[in-house]
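Colleague: Working from the sequences, and respecting the hints, build out all of it.
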Amino acid sequence: MAPVLYVTHLTPPVRAVLMTAKTIDLDLELKKLNVEKREHKNSEFLKLNPQHTVPTLVDNDFVLWDSHAIMAYLVSKYAKDDSLYPNDLKQRAIVNQRMHFENGVAFPELLKILYPIIHDGKKTITQEDEIAADEVYSFLEAFLDGKQWITGDSVTIADYSLITTITALNVLVKIDHVVFPNLNTWMKKLEQLPVYEANRKGLDSYTTHVKLLLR
Amino acid sequence: MAPTLYMMPPSPPVRAVLITAKSIGLDLELKQLNLRRGDHKTPEYLKLNPQHTVPTLVDDDGFVLWDSHAIMVYLLSKYAKDDSLYPQDLRKRAVIDQRMHFDSGVAFAVFLRILYPLIYGEKKTITSEDTKAAEEVYSFLEAFLEGRQWLTGDFVTIADYSLIATTSSLNVLVKIDPVKYPKLTAWVKNVEKLPAYEANKPGLEKFIGYVKSILG
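Chains as they are written, first to last, in this note's numbering: chain V, 3 to 217; chain U, 335 to 550.
Hints in this document: simulated from the structure, not taken from any laboratory. Note that the Cβ used here is the ideal one computed from N, Cα and C, for glycine as well. Take the hints with a grain of salt, since some may be wrong.
[Said to hold, decoys possible] Between beta-carbon pairs, the in silico distance windows are:
hint, chain 1, residue 1, chain 2, residue 2, range
1, U, GLY543, V, GLU38, 28 to 36 Å
2, U, LYS517, V, ASN62, 22 to 30 Å
3, U, MET335, V, LYS149, 45 to 53 Å
4, U, LYS457, V, ASN36, 51 to 59 Å
5, V, LYS203, U, SER473, 33 to 41 Å
[Unchecked claim] Straight line, CA to CA, 25 Å or less: simulated DSS-like cross-link-like pairs of lysine-lysine:
hint, chain 1, residue 1, chain 2, residue 2
6, V, LYS49, U, LYS514
7, V, LYS49, U, LYS426
8, U, LYS466, U, LYS517
[Said to hold, decoys possible] Partial pick of chain U residues on the chain V-facing surface, computed with a CB cut under 8 Å:
hint, residue
9, PRO384
10, HIS403
11, ALA414
12, LYS415
13, ASP416
14, GLN432
Modeller: As structure tokens, then:
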């Protein structure tokens, strides 16, 4: 039986897991939650995940949430090799660092800019928003110095984690190609991966949604 | 040669690494940074860690790593005698990863959001919004601890270290109500009894003094 993944289509962390599953050819049974109907706060879902976030994975009797933990788990359990999440201590350590950067810095910045637009009817991107996004971009630019992918010479789940968030942030604050050439090249390379298709659909509906709100 | 840790004692993520090192008997050469002096923004430090955060580890072979969670996993995998603090078992490990990402994405993020305006002199009090945000963190932890002695199950892991360092500091800003959060309160007491918890104390004391000097 395929593992079940509770999802909403707009959210970057869900897309990161979808990219991972696609790469390792793992079928997931997707269950869409309607957040507007507060399906993430109903008692059955809270019993699965008291933090009421998506994605949430149910693999037989095992329940797990947080996209990074899910990606690491799925790769360790279902992938044919360890390339997406290397067993090598040092390589893995860098992947972990990048994922905690995504989780602790990049994604919160995205939410900080996005929430007032969704919830408070904010219609413009402020200068403060731009400074915050540019700081995220400049960190990534530095991480990519001398590297082809975000942790080195091969694609890992850190790339998936960050591309889904950065493409979403890019809709709000455009990445300046001149200021951030490494970042721009990295994005282009990721977009060329066949597995990037798993990001596109969710990103497209997110983009439409955000542009409508900002109009 | 002992690995080097760039640090400052009051920082919760630094303390999480210190607790980890103490519990596996690993000596670290500590290098204190003075953030007010801008030690973390010098060209030499930025070369080590462009994200200019503490803690940053430089291992004896020159390998550089930052982010407390990544550092704890790395140190254990390399230096610990057994895997009890970060088990090889996939499911156990996955739950620890989830809790650590809860720390970096939620608990520590909330902590910083409350702390920064105090540090930068933008406010002098804890607002009701701050209290609400901290209480949400506490209520998540209370739920995680349902039916468990430690944060991920029957044994102590680095998820406990990571979250005790943050929670004991958040508690300085917004007190944990023992009536509302009995499991969380019991867990804090349990962690405080661990010998390795000694490594959290000096930095936490400094943090408490610092916060008192701002809030009065």
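Colleague: Look at each hint and say if it fits the structure.
Modeller: Here's how the hints hold up against the structure:
1. GLY543/U x GLU38/V: 28 to 36 Å: Violated, at about 47 Å.
2. LYS517/U x ASN62/V: 22 to 30 Å: holds (27 Å)
3. MET335/U x LYS149/V: 45 to 53 Å: violated (28 Å)
4. LYS457/U x ASN36/V: 51 to 59 Å: violated (38 Å)
5. LYS203/V x SER473/U: 33 to 41 Å: holds (34 Å)
6. LYS49/V x LYS514/U: holds (19 Å)
7. LYS49/V x LYS426/U: holds (19 Å)
8. LYS466/U x LYS517/U: holds (19 Å)
9. PRO384: Because about 3 Å separates PRO384/U from the closest Cβ in chain V, which is inside the 8 Å limit, the hint holds.
10. HIS403: For HIS403/U, the interface hint holds, since the closest Cβ of chain V sits about 5 Å away, which is under 8 Å.
11. ALA414: ALA414/U check fails; min Cβ-Cβ to chain V is 12 Å, beyond 8 Å.
12. LYS415: violated (16 Å)
13. ASP416: Violated - the Cβ of ASP416/U stays beyond 8 Å from chain V, reaching only about 16 Å at its closest.
14. GLN432: At 4 Å from the nearest chain V Cβ, GLN432/U passes the 8 Å test, so the hint holds.
Of the numbered hints listed earlier, those contradicted by the structure are 1, 3, 4, 11, 12 and 13.
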